[in-house]
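Both chains are given apart, each in its own frame, so use the hints to dock them into the complex.
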Amino acid sequence: DTAVSQTPKYLVTQMGNDKSIKCEQNLGHDTMYWYKQDSKKFLKIMFSYNNKELIINETVPNRFSPKSPDKAHLNLHINSLELGDSAVYFCASSRDRDSNQPQHFGDGTRLSIL
Amino acid sequence: AQSVTQLGSHVSVSEGALVLLRCNYSSSVPPYLFWYVQYPNQGLQLLLKYTTGATLVKGINGFEAEFKKSETSFHLTKPSAHMSDAAEYFCAVNPNNAGNMLTFGGGTRLMVKP
Numbered sequence: 001d002t003a004v005s006q007t008p009k010y011l012v013t014q015m016g017n018d019k020s021i022k023c024e025q026n027l028g029h030d031t032m033y034w035y036k037q038d039s040k041k042f043l044k045i046m047f048s049y050n051n052k053e054l055i056i057n058e059t060v061p062n063r064f065s066p067k068s069p070d071k072a073h074l075n076l077h078i079n080s081l082e083l084g085d086s087a088v089y090f091c092a093s094s095r096d097r098d099s100n101q102p103q104h105f106g107d108g109t110r111l112s113i114l
Numbered sequence: 115a116q117s118v119t120q121l122g123s124h125v126s127v128s129e130g131a132l133v134l135l136r137c138n139y140s141s142s143v144p145p146y147l148f149w150y151v152q153y154p155n156q157g158l159q160l161l162l163k164y165t166t167g168a169t170l171v172k173g174i175n176g177f178e179a180e181f182k183k184s185e186t187s188f189h190l191t192k193p194s195a196h197m198s199d200a201a202e203y204f205c206a207v208n209p210n211n212a213g214n215m216l217t218f219g220g221g222t223r224l225m226v227k228p
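Which chain is which? The protein sequence lines are D and Z, in order.
Residue numbers for the first sequence follow this note's numbering, so the first one is 1 and each next one is one higher.
Residue numbers for the second sequence follow this note's numbering, so the first one is 115 and each next one is one higher.
Chain Z extracted, bound-state conformation (with noise of 0.2 Å):
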């Protein structure tokens, strides 16, 4: 069985500060990892994703997520918030072998203030 853990359901930052969510994740096999994000009264919107290659990956709106394998982690950075960053994200662990099974995060809410 697989877990996902997103440490912090808030966090808020000023505008132009570095941004960290964190997630770290359980599984038996290795995964896939996502990172998806919520904007108010709207679905889930693919952020990036972690299959196989680098370890550092990189998606929209400036964002990227490096996979430690050794600290079963997968934290999404940006260098500097703005504020249509604010919304909530949601870390996903799907193990590569039982079919497309997203297990989600508990979800981060980021603030970002001016």
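Pulled out of the complex, with its shape left as it was, chain D reads as follows (with noise of 0.2 Å):
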């Protein structure tokens, strides 16, 4: 009953790759996140969706491609990898846009670029 759940827990793979990472949440949200979070522990907003439609995207390369089928779930595709984009993933989702609800988070996705 994990209530944001991300798949792979792991992933590695090499340089020029395309890889996806996806993510379901079961609370019921109206709205869904992405964050990177580097070798420094320092987390950054990457894109946020509501009700399916892209609302936040941060300066992120156009590699980055996220695609919400439906509102439960936001998965994150990357294309032609690069070893700057080694960290760990991290999905997230809140009840709704308004600032005072609080995100619950996915136990992240490593990405190691070889």
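What the hints contain is simulated information worked out from the structure, not anything from laboratory work.
Note that this is a predicted model, so its numbers are computed, not measured.
Cβ atoms here follow ideal geometry from the backbone N, Cα and C, with glycine treated the same way.
Any given hint might turn out to be false.
[Said to hold, decoys possible] Calculated Cβ distances over 10 Å to all of chain Z for the following chain D residues:
| hint | residue |
| --- | --- |
| 1 | V12 |
| 2 | T13 |
| 3 | G16 |
| 4 | K19 |
| 5 | L27 |
| 6 | T31 |
| 7 | L43 |
| 8 | N62 |
| 9 | P69 |
| 10 | K71 |
| 11 | H73 |
| 12 | S94 |
| 13 | D96 |
| 14 | H104 |
| 15 | S112 |
| 16 | I113 |
[Claimed, not checked] Listed below are the simulated DSS-like cross-link pairs for lysine-lysine, each with C-alpha atoms no more than 25 Å apart in a straight line:
| hint | chain 1 | residue 1 | chain 2 | residue 2 |
| --- | --- | --- | --- | --- |
| 17 | D | K41 | Z | K227 |
| 18 | D | K36 | Z | K227 |
| 19 | Z | K183 | D | K40 |
| 20 | D | K41 | Z | K163 |
Following this line, the structure appears as structure tokens:
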């Protein structure tokens, strides 16, 4: 009964490959997010979707493309992976877009580029 | 634009001692403030939040934080540290007019010595 689940937990791949990370939430939330946490633990938002609609896109390269087939899922596809993409990627969700709503995080996907 | 500064990337306390983790923010509008905790290989978990009302907020695991507008601070405290409190702690700010877009501080690693 995990609230926000991401797969895979670990992803090791070669530079230049294309990969996807999946995220699902069973909280009935309207809004979902992707964050990137770098090697120094710094967390930065990448995207936010509300009811399948993109609302935040924070200066992320075009190689990153989020897809929301329904409001319970927000997947992240990454083309032509680069060394700098190595990080932990967190999916999160919140009840709605209101700023006072806490965000619920998944356990992260650790992406390592060889 | 908003920013969050957490003084001290590492804090070490003895078991049973007071825990004080510092957070200062800058925001052009009254913000909502959050503390999250991250245990190894896990996602972020909400500890507590300040939105409106009482400036001293209590969270889970015996933590509390006080919003001090004049000092633009939201420091996290716990009277007596427990070994299980060892983790990474993140302060985050969310301006209350910009949708649910968290800006995180750089994190503070809390170490608890026996």
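When the hints from earlier in the document are held up against this structure, which numbers fail?
-> 6, 7, 12, 13, 14, 18, 19
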